[in-house]
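If you read the sequences in order, they're chains D and V. Mapping the first sequence onto my numbering, position 187 (from 1) lands on 255, and the numbers just tick up by one. Mapping the second sequence onto my numbering, position 99 (from 1) lands on 167, and the numbers just tick up by one.
Just so you know, not all the hints are guaranteed correct.
Now the stretches of chain D that chain V is said to cover, found in silico as 3 or more residues with beta-carbon under 8 Å [stated by the list, open to error]: (1) 93 to 106; (2) 187 to 198; (3) 255 to 264.
It is worth saying that the hints were derived from the structure and are not from the lab. The beta carbon of each residue, even a glycine, is placed where N, CA and C say it ideally should be.
Here's the letter readout for the chains.
Number of protein chains: 2
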Amino acid sequence: MALQERREREKEEMKEKILSAASAIVREEGYENLSIRKIANKIEYSPTIIYHYFVDKDEIIYYLMQRGYRKIVQAITCANSTSDTPEGHLKDMTRNYIDVALKMPDEYMSAQLSKSPKVIKHTSMLYKGASENKPIIGALQQCVKQINKDINVDDDKCEIIAQCIIVSTMGLVIKLIVENGIDDEHRNRLIEHFVNETVLKIAKGE
Amino acid sequence: MALQERREREKEEMKEKILSAASAIVREEGYENLSIRKIANKIEYSPTIIYHYFVDKDEIIYYLMQRGYRKIVQAITCANSTSDTPEGHLKDMTRNYIDVALKMPDEYMSAQLSKSPKVIKHTSMLYKGASENKPIIGALQQCVKQINKDINVDDDKCEIIAQCIIVSTMGLVIKLIVENGIDDEHRNRLIEHFVNETVLKIAKGE
DNA sequence: TATATTATTTAACACTGTTAATTTGTAAGA
DNA sequence: TCTTACAAATTAACAGTGTTAAATAATATA
Numbered sequence: 069m070a071l072q073e074r075r076e077r078e079k080e081e082m083k084e085k086i087l088s089a090a091s092a093i094v095r096e097e098g099y100e101n102l103s104i105r106k107i108a109n110k111i112e113y114s115p116t117i118i119y120h121y122f123v124d125k126d127e128i129i130y131y132l133m134q135r136g137y138r139k140i141v142q143a144i145t146c147a148n149s150t151s152d153t154p155e156g157h158l159k160d161m162t163r164n165y166i167d168v169a170l171k172m173p174d175e176y177m178s179a180q181l182s183k184s185p186k187v188i189k190h191t192s193m194l195y196k197g198a199s200e201n202k203p204i205i206g207a208l209q210q211c212v213k214q215i216n217k218d219i220n221v222d223d224d225k226c227e228i229i230a231q232c233i234i235v236s237t238m239g240l241v242i243k244l245i246v247e248n249g250i251d252d253e254h255r256n257r258l259i260e261h262f263v264n265e266t267v268l269k270i271a272k273g274e
Numbered sequence: 069m070a071l072q073e074r075r076e077r078e079k080e081e082m083k084e085k086i087l088s089a090a091s092a093i094v095r096e097e098g099y100e101n102l103s104i105r106k107i108a109n110k111i112e113y114s115p116t117i118i119y120h121y122f123v124d125k126d127e128i129i130y131y132l133m134q135r136g137y138r139k140i141v142q143a144i145t146c147a148n149s150t151s152d153t154p155e156g157h158l159k160d161m162t163r164n165y166i167d168v169a170l171k172m173p174d175e176y177m178s179a180q181l182s183k184s185p186k187v188i189k190h191t192s193m194l195y196k197g198a199s200e201n202k203p204i205i206g207a208l209q210q211c212v213k214q215i216n217k218d219i220n221v222d223d224d225k226c227e228i229i230a231q232c233i234i235v236s237t238m239g240l241v242i243k244l245i246v247e248n249g250i251d252d253e254h255r256n257r258l259i260e261h262f263v264n265e266t267v268l269k270i271a272k273g274e
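Please build the complete structure, drawing on both the sequences and the hints.
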């Protein structure tokens, strides 16, 4: 039946319409000002219709976060590293991560700080074996391994180091976002020190 | 006039009553479930009376955060470090910070992530000269200086290193709180690695 | 005791997310 | 083409939120 297909397509289009309206509101007024009624107003429908396409407001927020976060993950894992040394690669990855995250602070914060199980499924990174499921941890672990190829550092430890790197970088990003209006010069010095020294030191196994 | 004094005292008592009721609600149901009406119900007054003692709900939340955060800062700056080496002291401070913060996750998160100017005034740490105003950065900076007493590392750089230490530690704590239910063994390995290795490496100037 | 001041309450406004019942629109079968 | 079935969309309502203005109760001053 072609009907079912069209229905499905229309449903998907409506979902998209709702999500992009929601996205616009978030962009303009922030997450805390997103409301079902505002979305409805924007798409010129009654508020309740939204519940035909999403179970609740949290689901809408979940989708928005997922999109934002996917962009971040992509930007980082597909990093075009100009450097050929593992140290240079780690630097590039870290700088890239910080830049991308700071460009979409709202999406980054809400994705990273959400305690919703659905979101955590995507953002969790501190479990054993994360390097096999989470591209970022995987990439970092490989990088750490390369950096320490001379001395003997087992995969488990490399994973833990990778996790230390990611939480540290997240801490920097989060604090830079929360603590807005930092003097540009100091801000840049801090980022440069973190990228060029801190991260490399954390990566070193011994 | 003794009257004015008593009035003032009674006003302070009422404020305290409101704050401790609010605190209890937060403890029992979390920040997101705190409401003016619930507070009013708990202290057996009408909701509007609260606006005689606090300008709005944000002010109440601000006071709650301030209290929680003060506890954290105290627990860290008054750390009873058993060690006499600067490295040992840094370890103790870091472990202490993580332990205390993880014991009051709600207060920690809301204080650390609030963008309210009032709160930021207390929690901001990434500006130049923070080591002179913020006890934590100050203590960390001194520690870093001691660790690097052999090589020449100027105060400015020590401050930046201190800031890298604090954001990294915060990142770990925040991620541990958000990502609840991590396997205890892995969690402890992670914390131990961070305290015993990561932080020390970040602290090293060269 | 009357007046002024302060504490407290009542009622209301403008929001919020969400549900049940109802109406409108559309496709399929007789 | 008309009726039946189903999906889409709306209206009305509930229970909750923060907050304000106006009215009332309580208390201190003169």
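Do the hints match the structure? See the list:
{"no.": "1", "hint": "93 to 106", "in the structure": "violated (count 0)"}
{"no.": "2", "hint": "187 to 198", "in the structure": "holds (count 7)"}
{"no.": "3", "hint": "255 to 264", "in the structure": "holds (count 5)"}
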